Amino acid sequence: MSDLSHVNVQKSLPAVFIVLAVLTFPSYNTVLGTQECSSINWYHWNRTYSADFRDSAQCCAQSIDNWLGLFRLQEYQQRDKTLSYIVFENRTFWDRICRQWLASARCVQALQPKCSVQWGSQFLRNRSHSPTAFRVLTHGQYAFYDRTCDGDRVSPAVTKLCFHKDVRRSCLTNTEAERFKNCTGLTMTEIYNTPGNFYQVYMENKERWDGLARAALRCMRDVIKSSSCAQHSQDFFWHLAKLQLPALFNVSVLNIEESVKDSPEVNFADLKRCTVGVYGDPHLRLCEQRRLVTCSAPGRQVFLSNQFVEIQGSNELVNQSHDSRATTLKWLRITMKSYDGKTMLATYTASGGKLPETFDDGSRTVLGQGKDKIMLMTGFVTRVVISQYAVGVVYMVRHWKGNYFFSVRMAENMVWESFGLLSTGCPKQEFIGLDKWIGHWKNGLTRYGPSRVRRQIRVTKCTDACKDIKDEDFQRACKFDCIVTDDPQISTMTRVGVTDVREIVKSDPEAIKMAVKIHSSGRSSKSSTLWILMLFVISFNTL
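Residue numbers (UniProt numbering): 1 to 543.
Simulated from the structure, these hints should not be mistaken for laboratory data. These numbers were taken from a predicted model, which means no experiment stands behind them. Treat the hints with caution; some may be incorrect.
[Said to hold, decoys possible] Here are the simulated lysine to any residue pairs, SDA-like style, with alpha carbons at most 25 angstroms apart:
1. 506 <-> 166
2. 165 <-> 232
3. 354 <-> 323
4. 428 <-> 472
5. 461 <-> 317
6. 242 <-> 166
7. 401 <-> 307
8. 242 <-> 207
9. 160 <-> 207
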């Protein structure tokens, strides 16, 4: 068995998930009455704070860094020579951390006498927002203080939770403990490989990093829930899971934390539904963000994966004669699983520019009668619609000149229980800013492409081809795709995507009705009778 009474916080999420409009704390405004005390401006760090203040504040921060390192070196060097663990089994140790933290906060406050000690604490806690030069160490204690200390000692709530007599810190197996520790691995790899000011990077890629925060919490929750730990121990480990994230101030991120813990089971019949999808070269539609996100992401990708559904695909570069990095979906597979998530019921694969009329096993339906009718009109761009009734999911798949795009409609909480580009968003290094790239390309600032005059002609041609698309975001995507491919006819594909996004919403009443019906009778039925999957191939001209 493994003892997780200490957890690796050196690899925990830094404070980049704190969404603060230039890190503003309104509650201190009325007391302090000064702008310099009401906000901490990491976005324009060098212009806001003098060199003397920055150097002195860094000394205050180093004091707690050095104290923690020395304390742990003396007391816990046999346990962990990397000094990257915080111990939860020693109440005295935690009280000393709280006292030392308070001393460092007072050190910062002394540099700004008009400010409060709380301001100094905020400053220290969020310094992982600052430029790299100011980040000496990013100890987890900076994220832990709000969740652990009450002034100069461990709070009563944390004491009751972490030091309860029934807590068994060794109830996780070695495998479970390792999984728990590794849940933030992908997030940390991406964050520390992203150069620049953390605050600025986060604000530019908020959906992605919020998605990764949600995925990390969900990963740790699943480890805890599937373990043999009793309730007191589960509560302890959930507290540990939250401490892997920074002290969270933003309401939306706090909602992520609560929704992850309180909704481990998806309500497939939930009236709150959303559409996600992939369109063009390629543009991602995410659940919370109406605006499309253009994401290169070449090669094999997981677009959406949970215990009931998995959507994979392979992106290939569209045109290597310019540096747009645009890709298009050339291979797509949808895997549908059983109600309990243990059995694969069906797969649908599209490749080679074809849109199959059947599931991969050749069947036109999987269970159910009267649902196997397939309508196919040749000579037109076709659409495949798959309804996975038991979990209330509807898929629409299209192809155009050998390229695929799709829309998926499902309960919103199912998206939050998923992983993949359509849930966690686009990695920053794969993101393509359309307006910026189009402007650079038009003005000849990109490395490849035709002469400037010919570029202007192409931009004008593509603008005309896409101007009647009412949705501004799809219109922008259409213009980009047209310029990249030099094919104004691509606007036809964009219009179809707009139609699908509108049409798939109309599936909600039937999807919810079927999910409710199946759920109400499913508890006394066999798993196989819970499923009705139907596949339609509908011609484009029937819309």
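Evaluation of the provided hints:
1. Between residue 506 and residue 166 the CA atoms are separated by roughly 51 angstroms; this puts the pair beyond 25 angstroms, and the hint is violated.
2. With a CA separation close to 9 angstroms, the supplied pair residue 165 and residue 232 stays within the 25 angstroms bound.
3. For the proposed pair residue 354 and residue 323, the alpha carbon gap of about 28 angstroms is over 25 angstroms, so the pair is violated.
4. The hinted pair formed by residue 428 and residue 472 meets the criterion: a straight-line CA distance of about 23 angstroms does not exceed 25 angstroms.
5. Simply put, residue 461 and residue 317 have alpha-carbon atoms about 23 angstroms apart, close enough for the 25 angstroms limit, and the pair holds.
6. Distance restraint check for residue 242 and residue 166: the Cα-Cα separation of roughly 20 angstroms lies within the 25 angstroms cut-off, and the hinted pair is therefore satisfied.
7. Restraint check for residue 401 and residue 307: the C-alpha separation of about 33 angstroms exceeds 25 angstroms, so the hint is violated.
8. Note on residue 242 and residue 207: the hinted pairing holds, with a Cα-Cα distance of about 19 angstroms set against a maximum of 25 angstroms.
9. Of the supplied pair hints, the one linking residue 160 and residue 207 is violated, its CA atoms being roughly 35 angstroms apart against a limit of 25 angstroms.
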